[in-house]
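Let's have the full structure, built from the sequences with the hints guiding it.
Here is how the chains run, residue by residue.
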Amino acid sequence: GAGVSQSPSNKVTEKGKDVELRCDPISGHTALYWYRQSLGQGLEFLIYFQGNSAPDKSGLPSDRFSAERTGGSVSTLTIQRTQQEDSAVYLCASSSTLFEQYFGPGTRLTVT
Amino acid sequence: AQSVTQLGSHVSVSEGALVLLRCNYSSSVPPYLFWYVQYPNQGLQLLLKYTTGATLVKGINGFEAEFKKSETSFHLTKPSAHMSDAAEYFCAVSVYSSASKIIFGSGTRLSIRP
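From first to last, the protein sequence lines stand for chains A and B.
So for the first sequence, our numbering puts the first residue at 137; every next one is plus one.
So for the second sequence, our numbering puts the first residue at 563; every next one is plus one.
Be aware that one or more of the hints could be misleading.
[What the hints assert, rightly or not] Just a few of them, taken from the derived set where beta-carbon distance is under 7 Å, the chain B residues facing chain A:
1. Ser-588
2. Gly-605
3. Leu-608
4. Leu-610
5. Lys-611
6. Ala-616
7. Lys-663
8. Phe-666
9. Ser-668
These are computed hints drawn from the structure, not numbers from a lab.
C-beta: ideal position from N, C-alpha, C; glycine also.
Okay, structure coming up:
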């Protein structure tokens with residue numbers, strides 16, 4: 137079956153530009169997570185959507201970062217006025233229970 | 563709140579040797595514990611998980627982990643390392659709550675020497 141998909145797989149952008157990263161979760165999964173993984177680092181939690189509840193935005197590093205999830209399915213992570221320190225791999229995961237997350241392949245963002 | 567500590571950001575073992583990756587957690591309620599693996603340039607994949615019941619859990623590729631409540635540990639082991647085991651390994655913790663999320667450790671990079 138289809139897994140979690142993310143697009144684009146790679147994104148190169150100039151400093152100061154806005155970018156949108158997309159995540160298509162597994163159909164029926166109620167929970168969706170965004171993480172950031174900088175080179176050689178662990179996973180940094182960004183935001184968590186669970187059903188119709190208000191998202192947990194506690195991990196967003198600044199107000200330049202925002203995310204939405206439309207119709208309980210597709211999610212878009214938006215980074216405004218990108219900075220070089222935003223360069224990282226952005227991972228999306230979805231789950232139907234607390235017992236397992238399914239990860240997408242990630243979007244590698246490079247800010248020049 | 564929950565937290566996870568992985569001891570050792572990099573572990574190197576010889577092919578055929580025992581693999582031991584350490585994970586300690588902190589949780590005020592019974593935890594759910596996970597190990598994920600990330601191969602180079604790939605997303606994360608679940609290796610194994612502990613929810614309830616048997617404290618020794620077996621996962622894919624010959625890995626296993628034991629939940630030790632008294633030690634608040636969930637160390638990952640494999641009796642005999644293979645070159646294909648070289649990857650980044652993440653320990654994670656969660657608890658049963660509709661508002662909960664999974665918290666990941668900082669990861670341990672496993673290298674295998676020929």
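Going down the list of hints, with the structure as the test:
| no. | hint | verdict |
| --- | --- | --- |
| 1 | Ser-588 | 16 Å, violated |
| 2 | Gly-605 | 4 Å, holds |
| 3 | Leu-608 | 5 Å, holds |
| 4 | Leu-610 | 10 Å, violated |
| 5 | Lys-611 | 6 Å, holds |
| 6 | Ala-616 | 15 Å, violated |
| 7 | Lys-663 | 5 Å, holds |
| 8 | Phe-666 | 4 Å, holds |
| 9 | Ser-668 | 4 Å, holds |
Violated hints, in rising order: 1, 4 and 6; the structure is consistent with all others.
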